[in-house]
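K.L.:
If you want the building blocks of each chain, they are given just below.
Protein chains: 2
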Amino acid sequence: MSTMQSNTENTSKDTPTPATKPNKGGLEGIVAATTAISKVEGTAGRLIYRGYNIHDLARHTTFEEIMYLLWFDKLPNQTELTQLHSKLAAQRTVPTPVMEIIRLLPKDTDPMDVLRTAVSAWGALSTSGTPTQDQAIALTASLPPLLAAFQRLRNGKEPLESRPELGHAANYLYLLTGEEPKEEHVQGLNSYLVLLADHGMNASTFTGRVIASTGSDITSSVTGAIGALKGPLHGGAPSKVLDMLHAIAKAESPEVWLLDAITHGGRIMGFGHRVYKTTDPRAEELREMARVADPKAFKLSREVETTAIRLLEEEKPGRKLYTNVEFYSAALLSFVGLPGDLFTPTFAISRVSGWTAHILEQVNNNRLIRPEADYTGPDQAKFVPLNER
Amino acid sequence: MSTMQSNTENTSKDTPTPATKPNKGGLEGIVAATTAISKVEGTAGRLIYRGYNIHDLARHTTFEEIMYLLWFDKLPNQTELTQLHSKLAAQRTVPTPVMEIIRLLPKDTDPMDVLRTAVSAWGALSTSGTPTQDQAIALTASLPPLLAAFQRLRNGKEPLESRPELGHAANYLYLLTGEEPKEEHVQGLNSYLVLLADHGMNASTFTGRVIASTGSDITSSVTGAIGALKGPLHGGAPSKVLDMLHAIAKAESPEVWLLDAITHGGRIMGFGHRVYKTTDPRAEELREMARVADPKAFKLSREVETTAIRLLEEEKPGRKLYTNVEFYSAALLSFVGLPGDLFTPTFAISRVSGWTAHILEQVNNNRLIRPEADYTGPDQAKFVPLNER
Numbered sequence: 062m063s064t065m066q067s068n069t070e071n072t073s074k075d076t077p078t079p080a081t082k083p084n085k086g087g088l089e090g091i092v093a094a095t096t097a098i099s100k101v102e103g104t105a106g107r108l109i110y111r112g113y114n115i116h117d118l119a120r121h122t123t124f125e126e127i128m129y130l131l132w133f134d135k136l137p138n139q140t141e142l143t144q145l146h147s148k149l150a151a152q153r154t155v156p157t158p159v160m161e162i163i164r165l166l167p168k169d170t171d172p173m174d175v176l177r178t179a180v181s182a183w184g185a186l187s188t189s190g191t192p193t194q195d196q197a198i199a200l201t202a203s204l205p206p207l208l209a210a211f212q213r214l215r216n217g218k219e220p221l222e223s224r225p226e227l228g229h230a231a232n233y234l235y236l237l238t239g240e241e242p243k244e245e246h247v248q249g250l251n252s253y254l255v256l257l258a259d260h261g262m263n264a265s266t267f268t269g270r271v272i273a274s275t276g277s278d279i280t281s282s283v284t285g286a287i288g289a290l291k292g293p294l295h296g297g298a299p300s301k302v303l304d305m306l307h308a309i310a311k312a313e314s315p316e317v318w319l320l321d322a323i324t325h326g327g328r329i330m331g332f333g334h335r336v337y338k339t340t341d342p343r344a345e346e347l348r349e350m351a352r353v354a355d356p357k358a359f360k361l362s363r364e365v366e367t368t369a370i371r372l373l374e375e376e377k378p379g380r381k382l383y384t385n386v387e388f389y390s391a392a393l394l395s396f397v398g399l400p401g402d403l404f405t406p407t408f409a410i411s412r413v414s415g416w417t418a419h420i421l422e423q424v425n426n427n428r429l430i431r432p433e434a435d436y437t438g439p440d441q442a443k444f445v446p447l448n449e450r
Numbered sequence: 062m063s064t065m066q067s068n069t070e071n072t073s074k075d076t077p078t079p080a081t082k083p084n085k086g087g088l089e090g091i092v093a094a095t096t097a098i099s100k101v102e103g104t105a106g107r108l109i110y111r112g113y114n115i116h117d118l119a120r121h122t123t124f125e126e127i128m129y130l131l132w133f134d135k136l137p138n139q140t141e142l143t144q145l146h147s148k149l150a151a152q153r154t155v156p157t158p159v160m161e162i163i164r165l166l167p168k169d170t171d172p173m174d175v176l177r178t179a180v181s182a183w184g185a186l187s188t189s190g191t192p193t194q195d196q197a198i199a200l201t202a203s204l205p206p207l208l209a210a211f212q213r214l215r216n217g218k219e220p221l222e223s224r225p226e227l228g229h230a231a232n233y234l235y236l237l238t239g240e241e242p243k244e245e246h247v248q249g250l251n252s253y254l255v256l257l258a259d260h261g262m263n264a265s266t267f268t269g270r271v272i273a274s275t276g277s278d279i280t281s282s283v284t285g286a287i288g289a290l291k292g293p294l295h296g297g298a299p300s301k302v303l304d305m306l307h308a309i310a311k312a313e314s315p316e317v318w319l320l321d322a323i324t325h326g327g328r329i330m331g332f333g334h335r336v337y338k339t340t341d342p343r344a345e346e347l348r349e350m351a352r353v354a355d356p357k358a359f360k361l362s363r364e365v366e367t368t369a370i371r372l373l374e375e376e377k378p379g380r381k382l383y384t385n386v387e388f389y390s391a392a393l394l395s396f397v398g399l400p401g402d403l404f405t406p407t408f409a410i411s412r413v414s415g416w417t418a419h420i421l422e423q424v425n426n427n428r429l430i431r432p433e434a435d436y437t438g439p440d441q442a443k444f445v446p447l448n449e450r
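Protein sequences appear in the order of chains A and B.
If you count the first sequence from 1, position 84 lands on 145 in this note's numbering, and the numbers rise without skipping.
If you count the second sequence from 1, position 48 lands on 109 in this note's numbering, and the numbers rise without skipping.
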């Protein structure tokens, strides 16, 4: 800065309170909030929702049971589950102005941008004030119809009405295709929605909590969280795993392709996580589903997985880069019939249950989340008016 | 949780790395990022943008000079300023689908919800990829036309075309009213826009940086920031200052009204700040402008200010509750002719310059912002299938 110099008029003797400075940046290792919703144990590769192990939940529950668990802090009995289903089914509509807004967006719009805009418009019409459980239900119910409407419209088809007798996963597949969803697809998608529903203080959940901490509304929080999930360092990259697998299928061998990528600084998709230092437990569940769903595609995925882990350990010893949730998500969502650019929006359809649970938890015991910054610019610059610059 | 009990199958010996736990919550005193954009010294009541004292800037610069300073790290010379003006003027349009979207929103929609939705739609059509300075310019230019269009439409008037010869503040006033803006209004609004442009790691700026840290786009970041600014604990309360002043004007005296509010736990609007422990330097500038703009209204505001500070010190000694930026913002924006529900959106019209500067800074030296949570729920709950619950 050319004009910087001492300026006694502006001299300040203010000494700010010394602030704790994280060593690694990115708030790694810093506790931003307390939560009773989920716990990620990175070294053990363990994930629990309100105490329940993710493996039990992935194999034995529906996504609706998980919503109930996250919002109401217990697994529902049959009566409670039926009541929740009724409330969700009643909210599976797209308000007319929101449908018009979706129609106005060009067909080549990024579906995450569509979802962000449609959710924001939905909330402008539907919600205000302090977030409530009923708002969490309504918002979670609304995402599949909003996204499926765009998917239909960009393919030249009219959006469909939801079918109240179908569960959340089955209705989403029906809204996309207009066909009776296959049971194996419903089960696969349901397990995916269960596995991705919550994951500690991840970046999109944290975004939602920061926004909620200002006293803002549930839609503002979820709109922000959708924007964060879009980022490729968070939720925005699963379709790139598929692209990578297609490229590897054409190569001489997985080993040759992966070694070339590692040697020349190319990105290997679907490996490594800020918290997990072993295989992501969600990836273990998705791997088993992918094995059953499509044995041929699985063979390649599995070979890429084992080869990549071995090569990464040889090339970057100690980094502990293992398969993350994105790796087998791509295989599963592809099996279910989703196009690649709906993978991340479908992640949002699951995670909105966790986002809203965290928003309700934040609001229930709130303090504004407002960190500090370490200022590295000049302290005193001498002001020069425009006509003297 | 009724079903909680020991479950050896799920036992984990994982011990997470001990994390630093802030004493006060809300990340108070925790450094989330380094920045060279602005510095807030709470004890001295000092604010600088890239080294320049806020008092010099408020009195001697246009908002366009501040945009340049925040984005390009220097105050512009006349040539640079003219170039920036041309770029801004070229982007002061509302794309047709976005205008249609604004028309679809009901007239009683919260203007912050309109802004959040319109900006999201604008970005869905206009931006993608890694944030750039040109995107920051385009987005900052677009906010006044988007908001003014809604203000016109909800009052039964057609939106207007921007006038390229007008500066940012003057064009905004013109778009709202259709009249030649008064010089005193332009100057007042310009100073407001300068004063509110950036403020360290406040909650909306932090939201924007968290979203940007995932590799997401500039619109996703700004949409999230708008949602955070909406919260009454951040930017969403200045019109409530006006409501309070109107109520006090009808009371026996400011002292009686304020004492009653303090004694009975009522909220006194416009006092106290997480960082400032003395009068906010922006409030000092706004106070002087309010004094000149409307001497009669100022007399009441000033009496409320001095009385409230005295009473708050008597009732809550040591809390150091002083006038914050909201207190005189209300007076100034009211003088300029804005309705109360456009105060916070107008705050966004200023702060988007700082948000985008921070987004560019984050992207330039990025690490995913992903804190941890302190899990307080049960560690092991025994899973019981639905038909046994």
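Hints listed in this document are in silico derivations from the structure and should not be mistaken for laboratory results.
Even glycine gets a Cβ: it sits at the ideal position worked out from N, Cα and C.
Certain hints may be false.
[Claimed, not checked] In silico DSS-like cross-links for lysine-lysine, where the CA-CA straight-line distance does not exceed 30 angstroms: (1) B:Lys-443 x A:Lys-148; (2) A:Lys-338 x B:Lys-443; (3) B:Lys-443 x A:Lys-443; (4) A:Lys-357 x A:Lys-338.
[Claimed, not checked] Facing chain A, according to a computed beta carbon distance under 8 angstroms, are these residues of chain B, among others: (5) Ile-91; (6) Gln-139; (7) Gln-144; (8) Thr-170; (9) Ser-274; (10) Gly-288; (11) Ile-323; (12) Glu-433; (13) Ala-442.
[Said to hold, decoys possible] Residues from chain B shown here face chain A by an in silico Cβ test under 7 angstroms; the list is partial: (14) Val-92; (15) Arg-111; (16) His-121; (17) Leu-166; (18) Gly-190; (19) Thr-275; (20) Pro-293; (21) Leu-294; (22) Thr-367; (23) Arg-428; (24) Gly-438; (25) Pro-439.
K.L.:
For every hint, state whether the structure bears it out.
P.N.:
Each hint tested on the structure:
Under the criterion of a C-alpha separation no larger than 30 angstroms, the hint pairing Lys-443 of chain B with Lys-148 of chain A is consistent with the structure, at around 28 angstroms. Among the hinted pairs, Lys-338 of chain A with Lys-443 of chain B is consistent with the structure: their alpha-carbon atoms are about 26 angstroms apart, no more than 30 angstroms. Annotation: proposed proximity of Lys-443 of chain B to Lys-443 of chain A is violated, straight-line Cα distance about 66 angstroms (limit 30 angstroms). For the hint linking Lys-357 of chain A to Lys-338 of chain A, the alpha-carbon distance of about 29 angstroms falls within 30 angstroms, and the restraint holds.
With a least beta-carbon distance of about 5 angstroms to chain A, the hint placing Ile-91 of chain B at the interface is held under the 8 angstroms criterion. Nearest Cβ of chain A to the Cβ of Gln-139 of chain B: about 6 angstroms, under the 8 angstroms cut. The hint holds. Below 8 angstroms, beta-carbon pairs count as interface contacts, and Gln-144 of chain B has none with chain A, the closest being about 14 angstroms; its hint is therefore violated. A hinted interface residue such as Thr-170 of chain B counts as satisfied when its beta carbon comes closer than 8 angstroms to some beta carbon of chain A; here the least separation is about 5 angstroms, so the hint holds.
Checking Ser-274 of chain B against chain A: minimum C-beta separation of about 7 angstroms stays under 8 angstroms; hint holds. The closest approach between the C-beta of Gly-288 of chain B and any C-beta of chain A is roughly 3 angstroms, which is under the 8 angstroms cut-off, so the hint is satisfied. For the restraint placing Ile-323 of chain B at the interface with chain A, the shortest Cβ-Cβ distance is roughly 21 angstroms, beyond the 8 angstroms limit, so the hint is violated. For Glu-433 of chain B, the interface hint holds, since its Cβ comes within 8 angstroms of a Cβ in chain A; the closest pair sits about 5 angstroms apart.
A distance limit of 8 angstroms between C-beta atoms decides the matter here; for Ala-442 of chain B the minimum to chain A is near 3 angstroms, and the interface restraint holds. Here the hint on Val-92 of chain B is kept, as its CB sits about 5 angstroms from the closest CB of chain A, short of 7 angstroms. Because the smallest distance between the Cβ of Arg-111 of chain B and any Cβ of chain A comes to about 5 angstroms, under 7 angstroms, the interface hint for this residue holds. Taking 7 angstroms as the C-beta contact cut-off toward chain A, the hint placing His-121 of chain B at the interface holds, the least distance being around 6 angstroms.
Using the Cβ-Cβ criterion of 7 angstroms, the hint placing Leu-166 of chain B at the interface with chain A is satisfied: the shortest such distance is roughly 6 angstroms. Taken as an interface hint, Gly-190 of chain B does not check out: its beta carbon lies about 11 angstroms from the nearest beta carbon of chain A, beyond 7 angstroms. This hint holds: Thr-275 of chain B has a C-beta 2 angstroms from the nearest C-beta of chain A, less than the 7 angstroms allowed. Among the interface hints, the one on Pro-293 of chain B holds; its C-beta lies about 4 angstroms from the nearest C-beta in chain A, closer than the 7 angstroms criterion.
About 4 angstroms separates the beta-carbon of Leu-294 of chain B from the nearest beta-carbon of chain A, less than 7 angstroms, and the hint is met. With 7 angstroms as the threshold, the beta carbon of Thr-367 of chain B stays out of range of chain A, its nearest partner Cβ sitting at about 24 angstroms, so the hint is violated. The interface hint given for Arg-428 of chain B holds, since its Cβ lies 4 angstroms from the closest Cβ of chain A, which is under the 7 angstroms cut-off. For Gly-438 of chain B, the suggested interface contact is upheld, since its CB lies about 3 angstroms from the closest CB of chain A, less than 7 angstroms.
Annotation: interface hint on Pro-439 of chain B holds; nearest CB of chain A at approximately 3 angstroms, less than 7 angstroms.
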